[in-house]
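Trainee: Sequence:
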Amino acid sequence: MKTKLTFLAMIIFSAVFSGCGQKNDNMIVEEQKIDIINDQFPESQAEIKNVLDGIFKSIQDNDADRLISYHVYGPKFTEFRDSEHRFNSADNEHYERGLVGAISGFDYDLGDLKIDVFGDVAVVTFHADFRPVIGGEVHQIWGSTTLVFVKVDGAWKITHEHHSPLNVADQG
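Each residue of the sequence shown is one higher than the one before, counting from 2 in this note's numbering.
I should point out that these hints are in silico values taken from the structure, not numbers from a laboratory. Heads up, some of the hints might be wrong.
[Said to hold, decoys possible] In silico lysine-lysine, BS3-like type, Cα no more than 25 Å apart, as pairs: (1) 152 - 77; (2) 77 - 158; (3) 34 - 152; (4) 50 - 152; (5) 77 - 50; (6) 50 - 158; (7) 115 - 34; (8) 152 - 58; (9) 115 - 152; (10) 58 - 158; (11) 158 - 115; (12) 77 - 115; (13) 50 - 115; (14) 58 - 115.
Make the full structure from the sequences, and use the hints.
Mentor: The structure is reproduced here in structure tokens:
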């Protein structure tokens, strides 16, 4: 019996000490640091660019429902336009449905487009050159635009819009 206990103790002892000297690569976990301020997140930037293309295509196609689907309406949605007080979800939806219903054509350029991603939040800025056709006339609209996107259920949605007039006369 004593021999069996001694033998068992030696096996346990050798197993414990032989395991201590081995390097187990599976146990090493490297934490990858994400710098939301300086990292560019190119995959997310490309996703957002596709969303922007979809937004303006929905306007060109007079598809208000699709345009509205790019927004995340709720109590946190806000919009500023035309130097007026803040607009909410209902105001924005009413305005955008009216816009899409009023135009018969829409051309645009997004000058100086910048897409900054901060994890599941992104800030998009551009100089808008919008040319909607309303009542048979082409209207020229220049503006500075900021859109704030949040990623909701894997999709980028607008949660804030800010549109200000852009003075293009002073540009050389």
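Trainee: With reference to the structure, classify each hint as holding or not holding.
Mentor: We went through each hint and held it up to the structure:
no. : hint      : result
1   : 152 - 77  : holds, 14 Å
2   : 77 - 158  : holds, 12 Å
3   : 34 - 152  : holds, 20 Å
4   : 50 - 152  : holds, 14 Å
5   : 77 - 50   : holds, 23 Å
6   : 50 - 158  : holds, 12 Å
7   : 115 - 34  : holds, 24 Å
8   : 152 - 58  : holds, 21 Å
9   : 115 - 152 : holds, 18 Å
10  : 58 - 158  : holds, 16 Å
11  : 158 - 115 : holds, 17 Å
12  : 77 - 115  : holds, 23 Å
13  : 50 - 115  : holds, 10 Å
14  : 58 - 115  : holds, 19 Å
Violated hints for the displayed structure: none, as all numbered hints are satisfied.
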